[in-house]
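Undergrad: Below are the chains, spelled out letter by letter.
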Amino acid sequence: MASTAITAGAEPVFHLEEEHAHAEGGSTMLGFWLYLMSDCLIFAMLFAAFGVLGGNYAAGPAPKDLFDLGLVAVNTTMLLLSSITYGFAMLTMDKGRVGATQAWLAVTMLFGLAFLSIELYEFAHMIHEGATPQRSAFLSSFFTLVGTHGLHVTFGIVWMVALMVQVARYGLIEANRRRLMCLSMFWHFLDVVWIGVFTFVYLMGTLR
Amino acid sequence: MSAHDHTGHDHAHGGAAHGSLKGYLIGFFLSVILTAIPFWLVMDGVIDNKQATAVIIMAFAAVQIVVHMIFFLHMNPASEGGWSMLALIFTVILVVIVLSGSLWVMYHLNANMMPGLHEMREMP
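Chains as they are written, first to last, in my numbering: chain A, 1 to 208; chain B, 1001 to 1124.
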């Protein structure tokens, strides 16, 4: 060991005898998955807060008065479509087609932007009606939960733009493929969280 | 994700690693159905019993989450040598404890500690 360490020049690398060298980024997917799991815990806390506080209207507006399920259905469709178009982007990436990958990423981004616009319109509409986050515990927890999801989508779009620039400059190199796979997991994960949001917040709120 | 299992080589970047067109289409088709039915149940008030509707839409959500995990996130017990599944199971256990624990404890706190149980919904 010591003799290896004093070799001049390059950093010494040690391996256990039965271990082989790991390719760069070989553990990125698992690491990113662990990040997603911790993100999942954040959302679990926010869902729990909403579950506890979601019925405390403080004599203010209730979900029935505020939610437009038609709009939520359109919103859900946007996110679902963006999920499948991202899937198509991954499939074209596998085939190494840069142009098609970029096009599908752009389509995904447009659906993501449509989702965000509809959500912002909904928020603005609610706030205009006086249903601000300060109005009741229900609205505080609602805006925190749905807003956190919306922020995730926003940063997902920022990330997507960054990767499109990367792919445009350097092509579908190994590092970019890895990054696109991470964003793929992130994007599909947000869709999974949205299933919880539309079920527990919008649909069950309307039932309440 | 299984692409990186122990091999570290690049040959695994085939379709199997990120799913196939068929897989994505099946997942999308199932998601559309599993999303449309709960919305339909609630928007049209198909079932009179709200409790029953709530249980049904929760079941649909649970199934849809599994569908997304399999077809979009490509989860399987073998990916990353089983570590991602282990992390997922651990997370699910924590989420179940957090959600059921919070709802259970806070419900009983409301029910037992506060006057006027029936007006609780309208109280600040």
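Just to be clear, a hint being listed does not mean it is correct.
Chain A regions said to be covered by chain B (calculated; three or more residues, Cβ under 8 Å) [unchecked claim]: (1) 48-61; (2) 78-89; (3) 130-136; (4) 140-150.
Hints are computed from structural coordinates only; laboratory data are not their basis.
The beta carbon of each residue, even a glycine, is placed where N, CA and C say it ideally should be.
Undergrad: So, for every hint listed, does it hold in this structure?
TA: Hints versus structure:
Residues of the stretch 48-61 of chain A lying with their CB closer than 8 Å to a CB of chain B number 9, which satisfies the three-residue condition for coverage. Coverage of the stretch 78-89 of chain A by chain B holds in this model, with 5 residues showing a Cβ closer than 8 Å to a Cβ of that chain against a need of three. Proximity of the stretch 130-136 of chain A to chain B, defined as three or more residues with a beta carbon under 8 Å from a beta carbon of that chain, is not established by the 1 residues found. Only residues whose beta carbon comes within less than 8 Å of a beta carbon in chain B count, and the stretch 140-150 of chain A has 0; fewer than three means the coverage is violated.
Going through the hint list in order, the structure does not satisfy hints 3 and 4.
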